[in-house]
Amino acid sequence: MSMKTASTVLIAACVGVATSYLSLSSSHQAGAKMLMSAQQLTRGNAIDDTSIVGDVSALPYHGNMTLASISPCEQHFGYEMSAFRWKPLSDYYPPKEKEICLVHVGKSAGYAIACALGWDSPGCKRNNDTRYDDLLLPKYTTKWFHAGLYDCFEDSAYYMFIVRNPLDRAISAFNYEKPLDNDWERMKRKHGKEYYHYRKELYLDCFDTIEQLAQDGLAKQNGKDRTLCEHRAETAIDGSGRFGNQLFFNFQWHLEAVPKGARIMTIRTEHLVEDWNSAEYIVGDGKNKEALGKNQTVIPHTNVNTYTAEKNKEVSDESSVLLCERLCNEIQVYKHILKVSINLSEDQVQQSIDELAVSCPIEAESTSCNTPLPDITDKLFAKRGYDEGARLDSFTGEIVVGRSHM
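Position in the sequence shown (from 1) plus 859 gives the number in this note's numbering.
Keep in mind the hints are simulated off the structure, nothing from the lab. For glycine and all other residues, C-beta sits at the position ideal for the given N, C-alpha and C. Accuracy of the hints is not assured; some may be wrong.
[Unchecked claim] Computed cross-link-like contacts, DSSO-like style, restricted to lysine-lysine with a CA-CA straight-line distance of at most 30 angstroms:
| hint | residue 1 | residue 2 |
| --- | --- | --- |
| 1 | 955 | 1079 |
| 2 | 955 | 1172 |
| 3 | 946 | 1079 |
| 4 | 1172 | 957 |
[Stated by the list, open to error] Beta-carbon label-pair distances, calculated as ranges:
| hint | residue 1 | residue 2 | range |
| --- | --- | --- | --- |
| 5 | 1232 | 1204 | 39 to 45 angstroms |
| 6 | 982 | 1241 | 28 to 34 angstroms |
| 7 | 984 | 1231 | 24 to 30 angstroms |
| 8 | 1056 | 1205 | 42 to 48 angstroms |
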């Protein structure tokens, strides 16, 4: 596949909407052309050689251009991402064998970790902790994959997942998608009709709370046809239907979207400091094992949902059973991520499974589910740029085969 063709299918993957090359400003069109021509660069080299990319003043971003200032998506079509997606430039860029892609699964403290890693993520208030200068993860984590925006190099050395107990994540994700003060008209004005429409179908038309979704949407009605709202409840929870971003872009999506054979590290929301330290130990070749102490201030407490009533953040035991059953495949993917994580020991993996068993005992122990794992081929093609049997080489622009993990 040519670079031109590859960049066409990547548009949806990078911005989540159809943005044509012709809609870009003239300066961004020029930048797009030169970024495309820079595909042969070796990583770590500054992009200030006019014999390779021309006059860098015409690029969308100015100054001494290093690989830290290139978006793997933008190098194909020059689209300008939101400012907080860009990590502030420094004079240091890690060697290829150390480079980390942050894989941020929504509602798992991803913005807090991104802040600690050096991004100006929403709500980020970075503390001037003197230990920060000695940490390796902020230096080595250069790119960020979250929801429908995959912005990592295909050959990153590590893919660092941020994960959370699947039931807790699902409850948080459901509540997060609702507008502040239940003001749906303000949501429509601020985010647009499409953003509003996705959420209206699940919330305004069907369920106001996660408890209601479980009881009215997931409870078995023997001998009765499933209603439209019941179908929406099922597909929202397993991620096969889109009624927002947080449930739709789930564990399965993030795992299947990273390259086949990726070396995975994991930071669990429930054990942030412990897992940060074990990841530091891995990338530090046996050093920095106690990088953060119990009283650390590097990882902030950000993006916390303070507007959902506490009673709506909790579910009954009966509803937990219903939600866990529908989350069965997600739970199996979650356990798989834990088990393949090179920074987690067997005891740490079992610890998280035991914690999960408190709320989802059957699914925590089981290795199979009553329903098949959803086929997300269409989702991968629409949002990642290709199907589950292929990946894109970020330097050549060619589609090559091979990526499944399960």
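Here is how each hint holds up against the structure:
1. Using a Cα cut-off of 30 angstroms, the hinted pair residue 955 and residue 1079 is violated, with the two alpha carbons roughly 51 angstroms apart.
2. Taken as a hint, the residue 955 and residue 1172 pair is broken in the structure, with Cα atoms around 42 angstroms apart against an allowance of 30 angstroms.
3. Distance check on the hinted pair: residue 946 and residue 1079 sit about 47 angstroms apart at the alpha-carbon level, beyond 30 angstroms; violated.
4. Restraint check for residue 1172 and residue 957: the C-alpha separation of about 39 angstroms exceeds 30 angstroms, so the hint is violated.
5. Look at residue 1232 against residue 1204: about 27 angstroms separates their beta carbons, and that is not inside 39 to 45 angstroms.
6. Take residue 982 and residue 1241: their Cβ atoms lie about 29 angstroms apart, and the range 28 to 34 angstroms holds.
7. About 44 angstroms separates the C-beta atoms of residue 984 and residue 1231, a value inconsistent with the hinted range of 24 to 30 angstroms.
8. In this structure the supplied range 42 to 48 angstroms holds for residue 1056 paired with residue 1205, their Cβ-Cβ distance being about 46 angstroms.
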